[in-house]
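Residue numbers (the working numbering), protein chains in the order written: chain A, 1 to 89; chain B, 1 to 452.
What the hints contain is simulated information worked out from the structure, not anything from laboratory work.
One thing to keep in mind: the hints can contain errors.
Said to hold, decoys possible - Just a few of them, taken from the derived set where beta-carbon distance is under 8 Å, the chain B residues facing chain A: (1) T10; (2) I11; (3) Q62; (4) G68; (5) I71.
Note that CB positions come from ideal geometry on N, CA and C, so glycine has one too.
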Amino acid sequence: MKAVVTVIGKDNVGILHRVSGVCSEYKANVLEVTQSVLQDMFAMIMLVDISEMTADFSQLVDSMEALGKELGLSIHTMHEDIFNAMHSI
Amino acid sequence: MLNVYDILETIRMIQDECLDIRTITMGISLLDCIDTDIDKACGKVYEKIVRHAERLVPVGQQIEKEYGIPIINKRISVTPISMLCAVCPDGNPVKFAKALQRCADTCGVNFIGGYSALVHKGFSAGDMALIKSIPEALDVTENICSSVNIGSTKSGINMDAVKLMGQIVKESAVRTADRDCIGPAKLVVFCNAVEDNPFMAGAFHGIGEPDCEIHVGVSGPGVVRSALSKYPDASINELADIIKKTAFKITRMGQLVGARASKELGVPFGIVDLSLAPTPAIGDSVAHILEEMGLEMCGTHGTTACLAMLNDAVKKGGVMASSTVGGLSGAFIPVSEDAGMIDSAVAGVLSLEKLEAMTAVCSVGLDMIVVPGDISPETISAIIADEASIGMVNSKTTAVRLIPAINKKEGEMLEFGGLLGSGPVMSVRDKSPAKFINRGGRIPAPMQSLKN
Chain A
1 MKAVVTVIGK DNVGILHRVS GVCSEYKANV LEVTQSVLQD MFAMIMLVDI SEMTADFSQL
61 VDSMEALGKE LGLSIHTMHE DIFNAMHSI
Chain B
1 MLNVYDILET IRMIQDECLD IRTITMGISL LDCIDTDIDK ACGKVYEKIV RHAERLVPVG
61 QQIEKEYGIP IINKRISVTP ISMLCAVCPD GNPVKFAKAL QRCADTCGVN FIGGYSALVH
121 KGFSAGDMAL IKSIPEALDV TENICSSVNI GSTKSGINMD AVKLMGQIVK ESAVRTADRD
181 CIGPAKLVVF CNAVEDNPFM AGAFHGIGEP DCEIHVGVSG PGVVRSALSK YPDASINELA
241 DIIKKTAFKI TRMGQLVGAR ASKELGVPFG IVDLSLAPTP AIGDSVAHIL EEMGLEMCGT
301 HGTTACLAML NDAVKKGGVM ASSTVGGLSG AFIPVSEDAG MIDSAVAGVL SLEKLEAMTA
361 VCSVGLDMIV VPGDISPETI SAIIADEASI GMVNSKTTAV RLIPAINKKE GEMLEFGGLL
421 GSGPVMSVRD KSPAKFINRG GRIPAPMQSL KN
């Protein structure tokens, strides 16, 4: 089982560090990261493996949302199934 | 492999374009709750609904969190209550409404539908008592919805029921005049009602359905409008293709959520209803889709054609995305629940007659239309009869949900708030159809009924 974490907002030092920190806290293994900074807008999409997680998936969602609020970024954590369902036949 | 563009598209649809699951509706059969003692029957109804639906809201919230997709309402539909009334002729049917309200309070659901009667060919035991109790039931409860099926393509239109429903709608408005006439906003009069509809106020659990099942109603007018806005110069058939693709994505999401809810709750998956259901929120309007297609304002000439294309394209796109499509499936045009429709009605561009024409080519019918408070019950009945005949002849579901705004006149506004929105009082003809309505009897089934 995998989840997608998307982070969008103003670029700053240490965003990747903080987001992957939350992942490691719950033992969600980061599989892939795509990141771009356009002018000062930061956009990152992270694919994480959630099958070995130590907590409920909803706790990861809450922690990421709280981190987003703290850093002034928009962070969404969603199960990969929704993207697969919508975009592949 | 997931692609960045697809991920961002999904997030944009949810964040900026109001994409959501409108409702997860659990259909529950109450046939095994029938009892000659109405109090015992109410006890069984409460026990059965709570036993099946107590996890509906928490499971819905869990799915919302996991997929990051809002599920606006969690609802329950039940077997038409008139069937339970049939065996306890001396009991007051309102007791069932109160029992259902207790279920809604315990389970935390937004609505329970099924305070209903099916009388398209005539009244059987329990039907009359239930229908006459509707104004009181909608007055003393908050989350209970009622519907009455007064006609079908197979059986024609029961004009005695049409006459009665005109009076019931009016009485219901009078009883709730102090609360913005909310009573009739929870009451739908159907022709060709469907048994697996997840949308309110017309949801009930048909007798051909299994004991318990899960239906899903998706939404997403904002997503369709936004997709069309990227192609300002496309031809109509190109627009139809864009709508199909968008409807496919929206429906796939509904299918995913429904399948997941069904698995979590251990209840069979019923249907996905492909309707584009608007809300009064900005950017969630069906009228704005029609305007995006090139109408200066919804309700002008050309509106019916645009709506026909939209409705058809939504179905074509959605049907492949779901294993079982059902319910009403089409575009909804409730006036008070759609920001664009409200604007058009206020501007006088959208009239009752144009809405009637639009209902011939789209899902359902004259929905959430505010009419003057001094409207006669016969005029309401005649509007119901007109709309039901469109459904009967075209073999489609049509419905009427009119709200007589007591003590208000044409041009004034009625405010409900929430999903029900607000609407201007629209004009109706002042010449009386009373003699026609008072004749009673039945409009015979049309030739279309003889398909065997």
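So, going through the hints one by one against the coordinates:
1. Here the hint on B/T10 is kept, as its CB sits about 6 Å from the closest CB of chain A, short of 8 Å.
2. The beta carbon of B/I11 is positioned within 8 Å of a beta carbon in chain A (closest approach about 6 Å), and the interface hint is therefore held.
3. A hinted interface residue such as B/Q62 counts as satisfied when its beta carbon comes closer than 8 Å to some beta carbon of chain A; here the least separation is about 7 Å, so the hint holds.
4. At a threshold of 8 Å, the smallest CB-CB gap from B/G68 to chain A is about 4 Å, leaving the interface hint in force.
5. Contact between B/I71 and chain A, as hinted, is not supported at the beta carbon level, the nearest pair being about 13 Å apart and thus beyond 8 Å.
In summary, the one numbered hint that this structure violates is 5.
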